[in-house]
Amino acid sequence: MAEIGWMVAGGFLGAISRYVMVAFVSARWPTKLPLGTLLVNLIGSFLLGWITGGGLSEQMAFFLGTGFMGAFTTFSTFKLESVNLFRRGHGKTGILYMGLTYFLGIGAVWLGYGVGM
Amino acid sequence: MTYVLVGIAGVIGTLLRYVLGLCVQQSVPPTSFPVGTLTVNLLGCFALGWISQWVMGKSRISPSIRTSISTGLIGSFTTFSTFSAETVQLFRQGLWGNGIGYAGLSMIGGLCLVWMGTAVADRRRERA
Numbered sequence: 001m002a003e004i005g006w007m008v009a010g011g012f013l014g015a016i017s018r019y020v021m022v023a024f025v026s027a028r029w030p031t032k033l034p035l036g037t038l039l040v041n042l043i044g045s046f047l048l049g050w051i052t053g054g055g056l057s058e059q060m061a062f063f064l065g066t067g068f069m070g071a072f073t074t075f076s077t078f079k080l081e082s083v084n085l086f087r088r089g090h091g092k093t094g095i096l097y098m099g100l101t102y103f104l105g106i107g108a109v110w111l112g113y114g115v116g117m
Numbered sequence: 001m002t003y004v005l006v007g008i009a010g011v012i013g014t015l016l017r018y019v020l021g022l023c024v025q026q027s028v029p030p031t032s033f034p035v036g037t038l039t040v041n042l043l044g045c046f047a048l049g050w051i052s053q054w055v056m057g058k059s060r061i062s063p064s065i066r067t068s069i070s071t072g073l074i075g076s077f078t079t080f081s082t083f084s085a086e087t088v089q090l091f092r093q094g095l096w097g098n099g100i101g102y103a104g105l106s107m108i109g110g111l112c113l114v115w116m117g118t119a120v121a122d123r124r125r126e127r128a
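Chains as they are written, first to last, in the numbering used here: chain A, 1 to 117; chain B, 1 to 128.
Note that these hints are calculated values from the structure, not bench results. Given the structure is predicted, the values throughout are model-derived calculations rather than measurements. Glycine residues also receive a C-beta, built at the ideal position from the N, C-alpha and C atoms. Any given hint might turn out to be false.
[Said to hold, decoys possible] Coverage of chain B stretches by chain A, computed from C-beta distances (three or more under 8 Å per stretch; other residues unrestricted): (1) 8 to 17; (2) 39 to 48; (3) 52 to 64; (4) 68 to 80.
[As the list claims (entries may be wrong)] Not everything, but these chain A residues come out facing chain B in the computed CB check (under 7 Å): (5) M7; (6) G11; (7) W110.
My request is simple: use the sequences and hints to build the entire structure.
Written as structure tokens, this is what we have:
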């Protein structure tokens with residue numbers, strides 16, 4: 001049961017952190033490309049790689065992995081934003097957004113893993 | 001106030017992700033392919049596509065409730081970090097085919113399901 005408590009705490013903080021960070025970034029740097037979501041997904045991927053590489057206790061895996069990083073990063077918003085870019089005729093930005101998210105996201109995990117080892 | 005609502009919705013999304021992901025992964029024969037996360041992410045894409053289109057016609061729903069559902073609940077239900085970490089894990093194990101298949105299914109499937117979600121909401125609105 002304890003793992004649920006850790007996930008609840010992580011999910012709560014992760015969701016709020018994403019909300020705050022996306023709002024801050026989009027207000028500060030308004031761009032067609034959804035920079036806020038891109039940044040949370042890259043930072044979250046790097047940190048998840050890092051903590052996984054470092055080895056985690058079960059509690060911390062639930063708190064930081066499934067809870068915080070799981071909620072801090074998002075797949076659905078990323079996809080909706082991509083579809084919206086295509087729908088509004090910004091196909092090039094859409095492809096750039098998807099390419100950056102996938103390539104840098106996977107690279108960020110790899111980098112984080114190497115740093116954490 | 002919106003912060004707290006987003007946080008609470010985020011908790012619900014996180015728990016649903018955990019439970020559904022585990023159930024799906026355990027319902028198939030043991031495999032290194034992350035079907036649990038894939039299912040969660042694709043389902044979330046459909047839900048977000050549907051909701052984002054559906055609420056456009058519902059001005060009575062307050063902005064903080066909208067944000068809690070889309071950003072909080074569905075945003076936390078789906079996850080990018082687990083997806084990218086699982087892809088790297090497959091690559092590190094030398095399962096290149098599985099890794100590329102997983103990334104490809106998520107990439108194409110996610111786009112299709114967001115689009116399907118919006119299309120379903122549009123059709124319902126036209127009928128109403």
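* Quick one: see if chain A covers the region 8 to 17 of chain B, three-plus residues with Cβ-Cβ under 8 Å. => holds (count 8)
* According to a criterion of three or more residues whose C-beta lies within less than 8 Å of a C-beta of chain A, is the region 39 to 48 of chain B covered? -> holds (count 5)
* Taking the closest Cβ pair, is M7(A) under 7 Å from chain B? -> Since the shortest Cβ distance to chain B is 6 Å, the answer is holds.
* **chain A over the region 52 to 64 of chain B, status - at least 3 residues with CB closer than 8 Å** => The restraint on the region 52 to 64 of chain B is violated, since only 1 of its residues have a Cβ under 8 Å from chain A and three are required.
* Agreement of hint G11(A) with chain B interface, Cβ distance less than 7 Å -> 3 Å, holds
* Report holds or violated for the interface hint on W110(A), using the least CB-CB distance to chain B and a cut-off of 7 Å. => For W110(A), the interface hint holds, since the closest Cβ of chain B sits about 6 Å away, which is under 7 Å.
* Asked: Taking a Cβ-Cβ distance under 8 Å as contact, does the region 68 to 80 of chain B have three or more residues in contact with chain A?
  -> holds (count 10)
In summary, the one numbered hint that this structure violates is 3.
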